[in-house]
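**Student:** Sequence:
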Amino acid sequence: MTRQAGQLRSFDVLVLGAGIVGVSTAIHLRRLGLDVALIDRKHPGVEASFGNAGIVQCNGFVPHAIPSRPSQLIGIMLGQSSAVSYDFSTLVRLFPWLRQYHAASSGRGIETYSRAIAPLRALAAQDHLDLAASTLADRYYRKGGWLHLYRGEGSFRQSEIERHYARVFGVAYEELTTEDTNVLEPGLSNMIFKAVHWTESCSVSNPGAVVDAFWRGFVQDGGHSIRGDARKLQKGRGEWSLDSERGTITAPNVVVALGAWSSDLLAELGEHYPLVSKRGYHMHFQPRTGASLSRPVVDVENGFALTPTDNGIRLTTGVELVDRDAPPNPNIIKLTKRRASELFPLGQALQDQPWLGSRPCLPDSLPVCGQSSKTSGLWLNFGHGHDGFTLGPVTGRLLAEQIAGKESVQDLTAFSPARFPV
1 MTRQAGQLRS FDVLVLGAGI VGVSTAIHLR RLGLDVALID RKHPGVEASF
51 GNAGIVQCNG FVPHAIPSRP SQLIGIMLGQ SSAVSYDFST LVRLFPWLRQ
101 YHAASSGRGI ETYSRAIAPL RALAAQDHLD LAASTLADRY YRKGGWLHLY
151 RGEGSFRQSE IERHYARVFG VAYEELTTED TNVLEPGLSN MIFKAVHWTE
201 SCSVSNPGAV VDAFWRGFVQ DGGHSIRGDA RKLQKGRGEW SLDSERGTIT
251 APNVVVALGA WSSDLLAELG EHYPLVSKRG YHMHFQPRTG ASLSRPVVDV
301 ENGFALTPTD NGIRLTTGVE LVDRDAPPNP NIIKLTKRRA SELFPLGQAL
351 QDQPWLGSRP CLPDSLPVCG QSSKTSGLWL NFGHGHDGFT LGPVTGRLLA
401 EQIAGKESVQ DLTAFSPARF PV
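Per UniProt numbering, the sequence shown runs over residues 1 to 422.
Calculated directly from the structure, the hints in this document are not laboratory data. Mixed in with the good hints, there may be bad ones.
[Stated by the list, open to error] Here are the simulated distance ranges between beta carbons:
id, residue 1, residue 2, range
1, Q234, H164, 47 to 57 Å
2, G236, G107, 22 to 32 Å
3, T248, G222, 15 to 25 Å
4, G347, G236, 54 to 64 Å
5, K143, E342, 56 to 66 Å
6, G238, K143, 42 to 52 Å
7, G152, L78, 15 to 25 Å
8, A349, M191, 18 to 28 Å
9, K232, R142, 36 to 46 Å
10, D411, A103, 34 to 44 Å
11, R227, Q100, 29 to 39 Å
12, L129, G347, 42 to 52 Å
Cβ coordinates follow ideal geometry from the N, Cα and C atoms, glycine included.
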């Protein structure tokens, strides 16, 4: 029960971070009967949860690997890759992390990743739809899957391992010829060698609106949404406290779901996780006359996605490896637009400047989801990488069950914070 005395308010749990991971965690905690305060310094869902491609994918059993084909590496080094761009000093600083990431994205690392992530992917779409139905967000969801596009035989063959694991875990897909692809999406050009249609996935027309609807559902269920700076969190005897716009709030439990900013706060608490930000951009465009898309499509080799949204065609870019807080690089969206226009006729830009966000990634490509092994009352839910939108609702539910002491059907050992020495 929430207790209030003067300017002091006490809750059962403070959830720090109001992206889709934090909002999902908060709403499930509330529905389990706990008094919950959701804390963020901004409106919910305006960071990485706002800017993604809006895909809830059932596939994705292989980590996003570092490009290895010679043509890709040359393009990256010459600054002509839309899949990966980098700052040299950042690359040097991240070299040990990148070695770990590469090892976890190949060989036995793929097997480990796929076995860990498969149960979450099996639950992800239904968890989304359950939350959507109860918060009036279902109007944003659409069936029809999404398309992986391949411009050449080499990139198609290289991706066979993803289809192998899809067969292992029983996820359906269809291989399409150029002609098949054009029947499904007439707006795409003939530059496509082959495509894979992941039929069981779904997508949304407005990721930010989905998070906003989830947040409103949380408030309507009796949850408390409070503006505050997570960096003001303090650990006391048996409880946490934070000075917010509504005064000091306290709770015996706190959830850190701050995405790419999680490591900043945790370092102040004496816990250090190898979290790296992969930056990405998006921009909306009006399609040229007569062109349209009915589902998201991704150019696998070039790293970008095109998604039909309520605000036009959203172009999302590949990975930028620079300091999280470095100034934006406008050349990335320009280069990506040129590549994307080869596949789909993008017209006028519908915003003045591209949106920029950060994907929080750990070297094994798995999120941290569980109780801190070092600090009592501290719970963690971050590091979802490219899958924050997909996995936010399911990891939020599973962590909420842990906090509430409920028995869960899903073992979270693979995602335990204890796998990293802090």
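**Student:** Against this structure, judge whether each hint is valid.
**Tutor:** A quick look at each hint next to the structure:
With their beta carbons about 49 Å apart, Q234 and H164 fall inside the hinted range of 47 to 57 Å. Taken as a hint, the range 22 to 32 Å is violated for the pair G236 and G107, whose Cβ atoms sit roughly 46 Å apart. Between T248 and G222 the beta carbons are some 21 Å apart, a value that agrees with the proposed interval 15 to 25 Å. In this structure the hint that G347 and G236 lie 54 to 64 Å apart at CB holds, the actual value being about 56 Å.
Separated by about 28 Å at the C-beta atoms, K143 and E342 break the suggested range of 56 to 66 Å. Checked against the hint of 42 to 52 Å, the pair G238 and K143 passes, with Cβ atoms roughly 48 Å apart. At about 19 Å, the beta-carbon gap between G152 and L78 stays in the expected band of 15 to 25 Å. Between A349 and M191 the beta carbon distance is about 22 Å. The supplied range of 18 to 28 Å therefore holds.
About 40 Å separates the C-beta atoms of K232 and R142, a value consistent with the hinted range of 36 to 46 Å. At roughly 24 Å, the beta carbons of D411 and A103 sit outside the given window of 34 to 44 Å. Hint check: R227 to Q100, Cβ distance near 37 Å, so the stated range 29 to 39 Å holds. Between L129 and G347 the Cβ separation comes to about 33 Å, which falls outside the hinted range of 42 to 52 Å.
Violated hints, in rising order: 2, 5, 10, 12; the structure is consistent with all others.
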